[in-house]
Amino acid sequence: MSIPADQDHRYSPRRIARELDWNLLRTFVVLAESRSITDASARLRLKQPSVSTALKRLEDRIGRKLIDRRPGHYTLTDAGRLLYREALDINGSILRLSTLLREMTDDVRGHVVLAVASHVVCPLFDRVLAAFHRAHPQTTLTINVLSSVEAIREVQAKRASLALCLVGDRNARLEYRRLYREFFALYCGPGHPLFGRKGLTPADLEGLASVGFETDRISDVLSPVTLMRAQSSMREHIVGTSSNLEEVRRMICAAIGVGALPMHVAAPDVAAGRLWQVPPYEDLPAIDVHLVWNPHAVMNRAEQILVDMLNAEIESTPIEERTYR
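The numbers in our numbering rise by one with no breaks, and the one at position 78 of the sequence shown is 86.
The hints are simulated quantities; they were obtained by calculation from the structure and are not laboratory data.
Computed from a prediction, not measured in an experiment: that's the story for all the values here.
Hints may contain errors.
[Stated by the list, open to error] Distance ranges between label pairs, derived from CB positions:
(1) 183 x 51: 51 to 61 Å
(2) 231 x 278: 16 to 26 Å
(3) 278 x 57: 19 to 29 Å
(4) 98 x 280: 42 to 52 Å
(5) 211 x 312: 50 to 60 Å
(6) 281 x 217: 45 to 55 Å
(7) 98 x 146: 24 to 34 Å
(8) 43 x 179: 32 to 42 Å
(9) 86 x 211: 50 to 60 Å
(10) 141 x 211: 43 to 53 Å
(11) 117 x 80: 17 to 27 Å
(12) 65 x 214: 52 to 62 Å
(13) 31 x 278: 30 to 40 Å
(14) 208 x 98: 48 to 58 Å
Ideal Cβ placement from N, Cα and C applies to all residues, glycine included.
Turn these sequences into a full structure, and let the hints guide you.
Structure below.
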């Protein structure tokens, strides 16, 4: 007769808490985010046998297989996915503990890490950031430019205080607040056959090459932009992609292909003659950019103040004034 898991000593919460090495959890987080043991070893700067041994020790402690490893196959098991989710929280809390203790002073100190998608151009956010620095000059700030997926992952792992990014599938463990709305249009650069031409129609784009964001796919958050491109009869093959707006803009300006950019971001380049808008001109896709934070992370005072200031500004500013065309 099998023993129920809750009666099996291998799964005893007290035994696991007593015997589990927290360093193994840190190693497992990297393993879970890697493509292979070799990839994880490189990230951890450890030899491959050491990482494999650490994984085996953790599986022995947990009593479950965590990664299904076969030739050409490397995926988390159900137990591995569950442990990864919890290990992110534990590892993030441990990393933040010394920082929180160090920042216990009368003055508001503390470091804020922002994970920001490259195309975030938002006067409201800039206004709050300036006010935050004026009020609390002893705080420090790091802004990391990442893809939206990576930005959310950093917040989930408690490695970033906040994310400003696009949002696809929502994680129930995170909080989301719409920061602003932007509209995308298609543009070409000097040297492109359509540059400077007036009276264009969608038919003029038929068969032309395009460039875009890595998330510009029919199943992703920029799917409205994908549909706009498809409806213009452009070639399905995208000749250049990047997760960074500046690099997408570079490819458009270099006439590698027609590409989509937020209209309020592209406006100065259009005025300076570096970009030219092409059809369609009506019913352009609207994309929402969100503020994302982890309510399960213990924030330092600087982080909490910035979150509160952003939420207050969002609450007091109608969406019409947070919509950039």
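So which of the earlier hints does this model not fit? 1, 3, 6, 8, 11, 13
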